[in-house]
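From first to last, the protein sequence lines are chains V and R.
The opening position of the first sequence corresponds to residue 1 in our numbering, with each subsequent residue numbered one higher.
The opening position of the second sequence corresponds to residue 1001 in our numbering, with each subsequent residue numbered one higher.
Calculated directly from the structure, the hints in this document are not laboratory data.
Even for Gly, the Cβ is constructed at its ideal location relative to N, Cα and C.
Treat each hint with caution, since some may be false.
To be verified - Label-pair restraints from in silico Cβ distances:
no., chain 1, residue 1, chain 2, residue 2, range
1, V, ALA26, R, ARG1018, 43 to 49 Å
2, R, SER1104, V, PRO52, 39 to 45 Å
3, R, ALA1136, V, ALA17, 14 to 20 Å
4, V, ASN110, R, LEU1035, 55 to 61 Å
5, R, THR1059, V, SER82, 44 to 50 Å
6, R, THR1115, V, ALA17, 19 to 25 Å
7, R, THR1041, V, ALA84, 39 to 45 Å
8, R, THR1059, V, ALA84, 48 to 54 Å
9, R, THR1059, V, ASN110, 39 to 45 Å
10, V, VAL31, R, GLY1149, 49 to 55 Å
11, V, VAL69, R, THR1059, 27 to 33 Å
Listed below, chain by chain, are the residues.
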Amino acid sequence: MKEGTAMNVPIRVLGIATVILWVFLAAYVGVAAYSFKDLDFGAGEPQFSASPDGTLLLTVPLYINNNGVCNLKDLNITTKFSDADGSEISTSSSYMPVVPHGQNATIFHNVSLNINDMLNNQDYLFEDKNLPASLTAGLTFAELLPVEISTNLTYPWGAPFYGFTIGQPSSSHVNSTHGGIVVPVSFENHAAFAVVGNLRVELCGSDDSVLGAAQAVFEVPPQTGYDDSLEFIVPLDAALATAVQGGHFNVYFSTILFDYGPLVIPYG
Amino acid sequence: MVEEKKKRQNKVKDIAFRVVRASVTAILLYVLYLLVSSLLTPVFDFVPWLAETIEVFVTVYIVLMILGDLTRGTIFQQFFNVARSLFLIGYLIVSMGDGVIRTSYESFSLTINLTMFYTFTVVLSLIGLARAILQAISYMSERAELASGFQQPQM
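Next comes chain V alone, as it looks inside the complex (with noise of 0.2 Å):
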């Protein structure tokens, strides 16, 4: 046997195996595409629920159409929500260990968001503001090809007491002795939840003594207005001094979802 020809025998082994397997990696990343381009993704409409702990639970649907021919693996979805100042105030993740090819799939992604925590800052209770937030999607595709996707987005935060104002006071006679004294209260919920619960007012004087407290009861649905006058009746001197030389409210609000006071309102 030709030294030559003993070599040709690895030689041409090597290069149609070599061949092969080029066919094999160029008809799966064949494959691999057009089962990509026939992937289909979408969300559906966000559903808020409120529990009394204080959590609100923001639960979306997501649509998968995996109508290649590939499977999905490790789907995994992580939202991370933060404050203005950066601080992470909710992670969520979500997984499904696969996606058969020809199937659709449904996930329903939990975001929790403690009310808790946010009311370090109490403006997430009178303004609307904008929630930082980051999404990052993860699967697995074709077997061997890890793909992540991720986005920052902004949450539309509507607060629950948005331009929540209370009036200036105005006196009324009650009898010899005592004086009522009238403010008006608004507000209005741009929360995507109800605002179920009370409010308490102290009527507090110059010196910081509280002249006297008045409460009402509220529940009030998503984008909706509260208007409405708290009295109080305090001594006739006392409404003299209020209607003269000014003070301040003590404002505590406590609903089902949280308590927070008090927000302390000037007037005079």
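Since the structure of chain V is provided, determine the placement of chain R on it from the hints.
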């Protein structure tokens, strides 16, 4: 005289055959590239630079392949084969780096981990390089055998 004419005719035939063979291979490879690139169009939307680099790669690869086919039976064919294998490995190393592609599309950032794919292609390229080197060794040993007139007994 007649034999010389025959030899020249054979040489012309041989060269024509090489040209046809190289052209057919190049056309087939280009058609394969067009088919695969049409399938990869959705990926190119996310990674626009990929289309350009793949085009450059295919062009250089086909040129080296044509040169290898045209110089078939000479030492230059071995050079071009080795060059082609080295170019493939070099291209993979330069274009894929650590095997992770990071790109941005509008406000989204996309990360594709091609490590497995990268490993597979580099291994295949190394096998191709090994084959090219073996071919060069085989060619040189055949030449040496012919030059020395040495021939092993048939087995």
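Kindly indicate which numbered hints from before are broken by the structure, ordering the numbers from low to high.
Of the numbered hints given earlier, those the structure breaks are 1, 4 and 9, listed in rising order.
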